[in-house]
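Visitor: Please construct the entire structure, taking both the sequences and the accompanying hints into account.
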Amino acid sequence: MSQAVQSTSPCAPTESDWVAIGAVTLGVTAFAMAQGLTYPLISLVLTARGVDEAIIGLNSASYMLGLAVSTIVMPKLTRFLPPGPLVVASLALSAASLFALSQLDSLAAWFILRFALGFGVNTIYVIGEAWINVAAVDRVRGRAAGLYGAGMAAGFAIGPLGIPLFGVEQGLSLAVCAVLTAGVAFMFALMNRFIRVQPTAMPAGALIPFIRRNPILFIAVLLYGVIDASVLGILPVYLYAEGMAEDHAALVVTAAHVGMIASQGAVGWALDRFNRWSVAAACFSLSAVSFVLLVATPVSSFLIWAVVAGAGGAFFGLYTSCVAILGGAYRGGALVAGSAAFAMAYAAGGALGTPLTGAAMSVSPAAAPAVLSLISGIGALAILLRRR
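Residues 863 to 1250 in our numbering are what the sequence shown lists, from first letter to last.
Among the hints, a few may not be true.
As the list claims (entries may be wrong) - Cβ-Cβ distance ranges computed for the label pairs, FRET-style: (1) His-1110 to Met-1049: 30 to 36 Å; (2) Ser-1226 to Leu-920: 18 to 24 Å; (3) Pro-1160 to Ala-971: 36 to 42 Å; (4) Leu-966 to Ile-1070: 32 to 38 Å; (5) Phe-942 to Glu-877: 29 to 35 Å; (6) Leu-966 to Arg-1074: 37 to 43 Å; (7) Pro-944 to Pro-1160: 50 to 56 Å; (8) Asp-967 to Trp-1131: 43 to 49 Å; (9) Gly-1045 to Val-931: 25 to 31 Å; (10) Ala-1107 to Phe-942: 43 to 49 Å; (11) Val-1041 to Pro-947: 19 to 25 Å; (12) Pro-944 to Pro-1071: 23 to 29 Å; (13) Glu-1104 to Gly-912: 14 to 20 Å.
It should be emphasised that the hints constitute simulated quantities derived from the structure, not laboratory data. The beta-carbon is built from N, C-alpha and C at its ideal position, and this holds for glycine as well.
Guide: Right, here's the structure in full:
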């Protein structure tokens, strides 16, 4: 990324605002909790009802479509409301969508509500990344991004736990998640009173120019979205097809999130000491190896848990790397534009990932992790070519 396209702020903080970092981390935990629950839960419910894997993938993609539409209108949203109230309103919309999902039993309604949920949680996803980078000074940016990533991974881990605790067919797990999300909205509103720094509004028309200047960064996040959405939405179906019990399949996804959390300390440390692009390429490479091992490991083996945890830590480290790379290069409205581009890339990747891996499963269950390994390898190669 050349110095010529960087945007700096004349009033960049000299010390990190840890209240802002904590509040945004709390908000993104709620975002991940909602996604972590709805992806495997709805996939398993539809599988039990005999719905085709391709339709399951399309239903998951409706969530990503909500993310994409939210990103398009983000410039107007950030100019209409300050960041704090906007995040609170979005969390409230997410809580309402989750509660409606718990009460309705229609596939058509689930398409609409998953779109609304994606629209709501995307605000904290976009603003959160910009806020973390505004609040953290560069010498601790990698560790702040690691803390933010650990909060997100914790939410991904907590979400699927609702399945064995409250069951698959009942709506209780979705209702509990709705209550927790509403509680986070309330806590965020209280913490927002003590936050010292906030991201600026996103300039109109800044999204496409950012993508044109940073195609490899955009592609890296897009491929991360493919992998992440596939692990959440299709991995439980793959494990179930290979003979694993339904509740265990959901818990193995939680193992991936435990791996995400465990990796963030090391990834954040590496990002503050080594070239951040090199760390991203290493994460892609480890992800490719992990999915190959997933195919080779029997689902009845205890090692399957370790393999899935390793894959989660590897591909999620890529996301943390991209957040740190973004924050090290941009400030002000350009930083928010970059975060919006990340959300667009993630949404596009997620919308592509679940139908792609779902269709691959229609051919052979093992084809799904094989596709994810190939995608990870493509990402590592793209970064290496960029450096040349």
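Visitor: None of the hints should be skipped; say for each whether it holds.
Guide: Evaluated hints:
1. Taking 30 to 36 Å as the suggested C-beta distance range, the pair His-1110 and Met-1049 conforms, at roughly 33 Å.
2. The hinted range of 18 to 24 Å is satisfied by Ser-1226 and Leu-920, whose Cβ atoms lie roughly 20 Å apart.
3. For the pair Pro-1160 and Ala-971, the beta carbons lie near 38 Å from each other, so the given range of 36 to 42 Å is met.
4. The hinted window of 32 to 38 Å between Leu-966 and Ile-1070 holds, with their beta carbons roughly 37 Å apart.
5. A beta carbon spacing of about 30 Å between Phe-942 and Glu-877 agrees with the range 29 to 35 Å that was offered as a hint.
6. A beta carbon spacing of about 41 Å between Leu-966 and Arg-1074 agrees with the range 37 to 43 Å that was offered as a hint.
7. Taking 50 to 56 Å as the suggested C-beta distance range, the pair Pro-944 and Pro-1160 conforms, at roughly 53 Å.
8. Against the hinted window of 43 to 49 Å, the Cβ-Cβ separation of Asp-967 and Trp-1131 comes to about 47 Å, which satisfies the hint.
9. Distance hint check: the CB atoms of Gly-1045 and Val-931 are about 27 Å apart, consistent with the given range 25 to 31 Å.
10. For Ala-1107 paired with Phe-942, a C-beta distance near 48 Å keeps the hint of 43 to 49 Å intact.
11. Between Val-1041 and Pro-947 the C-beta distance comes to about 21 Å, which sits within the given range of 19 to 25 Å.
12. Against the hinted window of 23 to 29 Å, the Cβ-Cβ separation of Pro-944 and Pro-1071 comes to about 25 Å, which satisfies the hint.
13. The given range of 14 to 20 Å is respected by Glu-1104 and Gly-912, whose C-beta atoms sit roughly 18 Å from each other.
When held up to the earlier numbered hints, the structure conflicts with none and fits them all.
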